[in-house]
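Novice: Can you make the complete structure from the sequences, with help from the hints?
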Amino acid sequence: MSWKISIENLNAWFGSKHVLKSITMKVSENAVTAIIGPSGCGKTTLIRCINRMHELSPGARVSGAVLLDNEDVYDRNVDPVMVRRRIGMVFQKPNPFPMMSIYDNVVAGLKLNGINDKRRLDAAAEKSLRLAILWDEVKNELNKSGASLSGGQQQRLCIARALAVEPEVILMDEPSSALDPIASAKIEQLIRVLSKDYTMVIVTHNMQQAARVSDFTAFLYMGDLIEYDKTKVIFENPKNELTEKYITGEFG
Amino acid sequence: MKKQKHLPNFFSNLRLKSKIIYGKRGFGDLLFKTITTIITLNVFIILFFMTYKILEGSRLSIQTYGLSFLWGTTWEPFPADPSKMPSFGALPLIWGTIVTSSIALLIGVPISLGIGLALSEFAPKRFNFVVSFFVELLAAIPSVIYGLWGIFILIPFLQGNIYPFLQATLGFLPMFQGTIRGPNVLTGSIVLAIMIIPTISAVSRDVFSAVPNTQREAITALGATKWETAKIVINYARSGVIGAIILGLGRAVGETMAITMVIGNSFNMVSSLFDPGYTLPSIIANEFTEASYPPVYSSALMEVGLVLFIIALFINALARLIVWRALKIAKGAETI
Amino acid sequence: MNKYMLRRRKSQTIIILAYLALVVALIPLISILAETVIRGGIAVNLSFFIEMIPPLGQPGGGIGPAIQGTMIVVGLASLIGVPIGVFSGIYLAEFRESSLSSVARFLNDVLTNMPSIVIGIFSWALIVTVVGWSVIAGAFALAVMMIPIVTRTTEEAIKLVPATIREAALALGIPQWKTTITIVLNSAKKGIITGILLSIARISGETAPLLLTILGSRFWFGGFTQPTAALPLSIFNFSQSPYSATDWPRAWGAALILILMILGINVVVRYYTRERYG
Chain A
1 MSWKISIENL
11 NAWFGSKHVL
21 KSITMKVSEN
31 AVTAIIGPSG
41 CGKTTLIRCI
51 NRMHELSPGA
61 RVSGAVLLDN
71 EDVYDRNVDP
81 VMVRRRIGMV
91 FQKPNPFPMM
101 SIYDNVVAGL
111 KLNGINDKRR
121 LDAAAEKSLR
131 LAILWDEVKN
141 ELNKSGASLS
151 GGQQQRLCIA
161 RALAVEPEVI
171 LMDEPSSALD
181 PIASAKIEQL
191 IRVLSKDYTM
201 VIVTHNMQQA
211 ARVSDFTAFL
221 YMGDLIEYDK
231 TKVIFENPKN
241 ELTEKYITGE
251 FG
Chain B
1 MKKQKHLPNF
11 FSNLRLKSKI
21 IYGKRGFGDL
31 LFKTITTIIT
41 LNVFIILFFM
51 TYKILEGSRL
61 SIQTYGLSFL
71 WGTTWEPFPA
81 DPSKMPSFGA
91 LPLIWGTIVT
101 SSIALLIGVP
111 ISLGIGLALS
121 EFAPKRFNFV
131 VSFFVELLAA
141 IPSVIYGLWG
151 IFILIPFLQG
161 NIYPFLQATL
171 GFLPMFQGTI
181 RGPNVLTGSI
191 VLAIMIIPTI
201 SAVSRDVFSA
211 VPNTQREAIT
221 ALGATKWETA
231 KIVINYARSG
241 VIGAIILGLG
251 RAVGETMAIT
261 MVIGNSFNMV
271 SSLFDPGYTL
281 PSIIANEFTE
291 ASYPPVYSSA
301 LMEVGLVLFI
311 IALFINALAR
321 LIVWRALKIA
331 KGAETI
Chain C
1 MNKYMLRRRK
11 SQTIIILAYL
21 ALVVALIPLI
31 SILAETVIRG
41 GIAVNLSFFI
51 EMIPPLGQPG
61 GGIGPAIQGT
71 MIVVGLASLI
81 GVPIGVFSGI
91 YLAEFRESSL
101 SSVARFLNDV
111 LTNMPSIVIG
121 IFSWALIVTV
131 VGWSVIAGAF
141 ALAVMMIPIV
151 TRTTEEAIKL
161 VPATIREAAL
171 ALGIPQWKTT
181 ITIVLNSAKK
191 GIITGILLSI
201 ARISGETAPL
211 LLTILGSRFW
221 FGGFTQPTAA
231 LPLSIFNFSQ
241 SPYSATDWPR
251 AWGAALILIL
261 MILGINVVVR
271 YYTRERYG
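Chains as they are written, first to last, in this note's numbering: chain A, 1 to 252; chain B, 1 to 336; chain C, 1 to 278.
Distance windows between CB atoms, simulated:
#: 1; chain 1: B; residue 1: A210; chain 2: A; residue 2: K239; range: 45 to 55 angstroms
#: 2; chain 1: A; residue 1: R130; chain 2: C; residue 2: R270; range: 41 to 51 angstroms
#: 3; chain 1: B; residue 1: V130; chain 2: C; residue 2: I16; range: 18 to 28 angstroms
Everything labelled a hint here was simulated from the structure, so no lab data went into it. Given the structure is predicted, the values throughout are model-derived calculations rather than measurements. For every residue, glycine included, the Cβ atom is placed at its ideal position computed from N, Cα and C.
Specialist: In structure tokens, the structure reads:
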């Protein structure tokens with residue numbers, strides 16, 4: 001399997017707090033990679049470093065390289081805005097744009113990048129909503145406010161919105177932690193389907209979810225990458241004692 | 001070997017190949033920041049020119065009268081004796097401003113705190129919304145309409161019913177002696193009090209409501225009455241209340257039209273509440289448009305404006321200092 | 001037991017006093033509104049709106065020019081004040097941490113609390129000495145009063161937009177400035193507009209700065225460099241007139257119109273921003 005993202009010696013700080021310590025790993029293309037670990041281990045920071053969102057926080061600092069198809073996104077000449085167009089992100093709490101309809105939410109990324117041709121927008125909206133397994137539920141109410149949907153539907157709307165700009169990678173930060181079990185299961189199903197065409201990186205504190213959904217798993221503890229391997233190996237045969245302790249629930 | 005994507009590429013012009021990931025960095029961001037920064041400078045420019053112009057306008061008067069302007073008690077733009085120079089002094093104005101503002105606070109603060117408490121601690125929530133709305137309406141009424149109401153309704157009422165009563169009962173005090181005229185210092189203070197009530201009570205209500213419920217629950221669990229609980233809240237929100245009062249003071253000092261219309265506009269060191277008086281803002285409002293000659297006349301009025309300007313700055317700085325210190329104390333308390 | 005009864009009694013008394021304070025404060029409100037409606041109502045008729053201002057003591061006429069004057073001066077002031085206020089507010093909200101920001105915020109505060117007569121003097125010294133008693137000077141004075149208010153309300157409105165909305169837009173690859181102008185401003189729209197409306201209501205009632213800038217006039221608008229009439233000035237002038245029969249009702253009539261304008265805006269804003277229950 002070829003890799004899509006290569007993280008090389010990535011360090012990250014919040015002010016003087018060293019939150020990521022020399023992370024090195026390669027993320028496989030068109031597969032699901034889960035990042036697990038106890039609270040505060042740096043998993044959210046790690047994915048936010050991939051699409052250059054971490055640096056938006058006050059006092060944030062990064063060193064090291066993140067290669068997307070052989071180009072370092074942290075290169076001095078690279079515009080972070082461009083990076084974020086190729087890498088999409090879905091957040092923990094669904095955050096549809098409040099004043100916009102479902103349709104406007106989905107095509108927001110396209111419109112703001114200058115695409116105004118109604119046919120293209122309509123087609124993109126339908127395609128993204130289908131991919132996000134939301135089309136059938138909302139196809140007759142595309143003009144309703146984005147905020148009028150249930151939690152699970154809002155999250156799928158956010159996924160559709162991210163898909164509409166055709167990223168190559170999708171990062172998800174605890175995508176179903178704010179949702180009920182049924183909605184959560186739908187998201188997991190969605191993740192598996194999307195992974196055929198997109199590189200997925202999922203942060204989750206739910207180990208069972210990681211085991212169900214991912215092909216590869218990385219275990220982070222206090223900013224260090226403890227172990228990174230095929231999911232099957234991590235959960236059935238972890239090589240590191242710390243990993244085993246976490247998996248068996250001894251802490252975190 | 002790249003996997004085939006079976007998704008049609010709508011975005012192919014935006015789908016970046018390796019060369020295009022290097023792009024023009026943040027030109028739009030720079031432009032945005034530059035434009036908004038420049039526009040934000042407006043407040044610096046305005047205050048600079050304000051200071052400059054007022055100083056420039058007062059210069060003649062400052063040169064002519066010096067510091068004695070501040071304790072001078074005569075105001076004669078056109079002296080009866082033509083050989084005499086015009087004389088201007090601001091003491092009665094400063095005194096008038098002090099007296100009216102102080103009494104306005106004396107009357108207004110307890111009422112405002114009462115309202116703040118009633119709305120935040122004692123009354124049910126539905127009630128709060130409706131009543132707050134009405135109190136805020138009081139704040140929306142323009143000064144000149146307060147003045148109008150003051151002239152035609154408040155003054156006859158006070159003059160007919162309240163003032164004689166006050167003189168009859170408290171007339172042994174010098175401040176309640178003298179001929180009772182309708183427009184006087186007390187009337188001005190009362191109107192001022194009414195005008196600052198919405199300000200002080202709204203801020204008080206907000207700072208009281210912001211006190212965490214845990215504080216109330218702690219003391220109530222010990223068996224406190226509603227008032228005793230309210231006392232804890234007031235104590236906790238102490239600095240906010242002081243800030244509110246200073247805000248009210250600022251408003252009272254700067255108030256022009258309503259005061260001008262009911263205070264009697266008489267230049268003298270008032271010794272009784274029933275005397276007509278004058279304040280710094282009202283003399284400007286009354287005389288500025290007519291003060292084209294002699295030049296030192298309008299300069300003197302400018303200097304009155306300068307005094308007012310400095311007082312306003314001082315009150316503002318004081319409020320800031322108190323709030324800043326209060327925040328420090330609160331932050332300190334939080335770490336416990 | 002006795003001590004507890006005393007404490008309870010004290011508490012109840014204070015509560016009653018607090019409610020009394022409320023009543024005391026509302027009495028003037030009711031009185032002002034009622035008297036304005038009653039005394040102003042008799043003076044207001046169609047000609048009141050459309051006729052020129054008569055000299056003091058002369059019957060007939062109306063305050064048409066005053067209504068027109070207020071609208072023109074307030075309109076011009078808003079044209080200047082709103083953009084400047086909104087853009088400064090955006091700066092203060094988006095670049096919160098910069099040192100320029102803290103100083104600007106403080107100075108803004110100072111300007112907000114500046115007595116309106118001082119702003120009047122300033123406007124006189126800056127503009128009237130050059131252009132004469134004029135609409136421009138009046139609009140300038142009112143704009144100076146409006147800018148700090150709109151700056152603050154805009155900043156507050158933008159601060160209320162949750163960070164997560166901003167992040168969602170950024171993650172889609174939308175540049176920071178575009179995110180602010182489209183997504184953030186859109187979400188803050190309500191707050192910004194109500195801030196603007198309330199500041200317009202506020203400056204419409206201001207008299208002192210107009211006293212020293214537009215001077216007042218009996219005639220219809222005659223040019224931006226000419227003096228003009230305005231509602232608050234008319235109220236003041238008529239109230240100072242010795243002719244009670246002709247002029248005092250006019251003062252009340254003008255007051256009625258002014259109050260309807262201002263309270264109208266206030267009520268619309270409160271309705272527009274009410275919290276929806278359920």
